[in-house]
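All chains, please: the whole structure from these sequences, using the hints.
Number of protein chains: 2
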Amino acid sequence: METVFSAVGLESAMKQIADEIDAEFDLLLSIPDDPRARLYQAMRHAAIGGGKRLRPLLLIATAKLFHVDRDIALRAGAAVEALHVYSLIHDDLPCMDDDAMRRGKPTVHKAFDEATAVLAGDSLHALAFEILADTKTHGDPFVRSELIACLAMASGSDGMAGGQMMDLEAEKMTFDLPTVTRLQALKTGALISASVEMGAILGRIPPDSRAPLRGYARDIGLAFQIADDIMDVEGDEQLAGKALNKDARAGKATFLSLMGLERAREQAAMLVEQAIGYLSAYGKEADLLRALARYVLERDR
Amino acid sequence: METVFSAVGLESAMKQIADEIDAEFDLLLSIPDDPRARLYQAMRHAAIGGGKRLRPLLLIATAKLFHVDRDIALRAGAAVEALHVYSLIHDDLPCMDDDAMRRGKPTVHKAFDEATAVLAGDSLHALAFEILADTKTHGDPFVRSELIACLAMASGSDGMAGGQMMDLEAEKMTFDLPTVTRLQALKTGALISASVEMGAILGRIPPDSRAPLRGYARDIGLAFQIADDIMDVEGDEQLAGKALNKDARAGKATFLSLMGLERAREQAAMLVEQAIGYLSAYGKEADLLRALARYVLERDR
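If you're matching them up, the sequences are chains A and B in order. Reading the first sequence from the start, the letters are residues -9 to 291 in our numbering. Reading the second sequence from the start, the letters are residues -9 to 291 in our numbering.
Hints are computed from structural coordinates only; laboratory data are not their basis. If a hint is listed, it holds; no wrong ones were tucked in.
Identical chains share a label here; the pair holds if one copy fits it or two copies do between them.
In the SDA-like style, the derived pairs of lysine to any residue whose C-alpha atoms are separated by at most 20 angstroms in a straight line are:
#	residue 1	residue 2
1	Lys274	Gln264
2	Lys162	Asp103
3	Lys100	Met86
4	Lys100	Pro84
5	Lys162	Ala101
6	Lys162	Tyr30
Structure representation (structure tokens):
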């Protein structure tokens, strides 16, 4: 895979975005000299120095198709990542997935405590919308409002939180393939789709011209989750930086349990090719999005 | 107090807003026929049928000064209330204040479970911004964006969540009066101030003309918290619909412990008069805001 990555500079693009997002959060989360310091320390622990920053990179790579200023896309990317990090903190809580490690570090409730973890998640959730509503992110209030509508929808009960609820219910009920697909479309797909959509919003692409980008995002989101299920069974906990194989132990239906390893692999590969097919109208400038689609299958290996 | 209330129809205004907010949430939270049903049931449990709806009423009463359409103000009010309800759900969690009763009903983690409570709070948090970013709330994207900037700031680490963090730290440190004032200005004051500010935003009042309204909101927010501290010691748990006297038991500094009962009462009364003084430029149409200021001292008695 090295050649594919380096051909479009995916590795350097990932390194660059990681540094830039860290720098954004470092500025946004400077620690106040008052009793809120612990909250900011917890937010920094979760938000800075870790993660592949896939969602901001998708946003920026999409925005780049439409020649959006990188600084603008980067702030919107920080908002998406703040929302993603909030969801990780809450998902890791003892009452949810009860995880001790995340991104190779102790989870927030382990490094701090549960109450601080709840508040750090809540604060990053609010921060995402604070960034997007700020005139520094975009001068046009219509664009700001569209970005927020898109991200709020992806975050709540019709998006990520709804998917997480389905995931909790999966321990009690046996889901079929369409229901698992719907669960994952909400739980991880919604925010991946929002990342691409927000790039299109910054590019002022009208909704009825976004169909190919939406198709791309939907397919890589699904491929991402199938790959995640495969990694969950076959992966290395050290490399992944978190506990694996938890779904099978909890008796949850997954793509893997419903399709089997071979069909899951084929399905994920097919989805990635289909996603890349959606980009046919775009030229060389979409190479980063193409490389990201392929990366979805190869990450953490 | 009956005469003051009925003179401006506060009681009927409170009854009306309670019905209207319930109706808004009933529409916004219709239960889907899929495994997310439990999440929506939990959101409805917390959001519908209870609470004094003080924040939406403040927003609507302020917006009314500037002849804002009631339906518009009501949707913005539902957003503020969604944010308030989310904060109550998370504050009640076992890792936070560990409360079993709220608004006379079992708290969400008691009626459902902790994971569902975390997600119901998160979903109401997102819903607040979803409502405000919706073109149905306001046709002008500048107004939508301003409303969101205001509410996001009031919600996060520079507002409510920051105040809640200070409140947790108050169990470990001994706070002086300025620090307790700052804590309460963030924990409850920020959202009360945002409610009034959002009414002014809907009324298209420019920021540099909002000083009297901001003074009013700051003073009633502080009076509200002092009254809360007094009620916490002197109140009736049955009437309040929640456990009382928890701060003293946790050894936290409060307005009451720092000022004593008599001075606290005087201070709260003085703040209410000062708040009403800020409204002198407004005529009879500000009577509801005046009555609300007085009500802050008298609620739940």
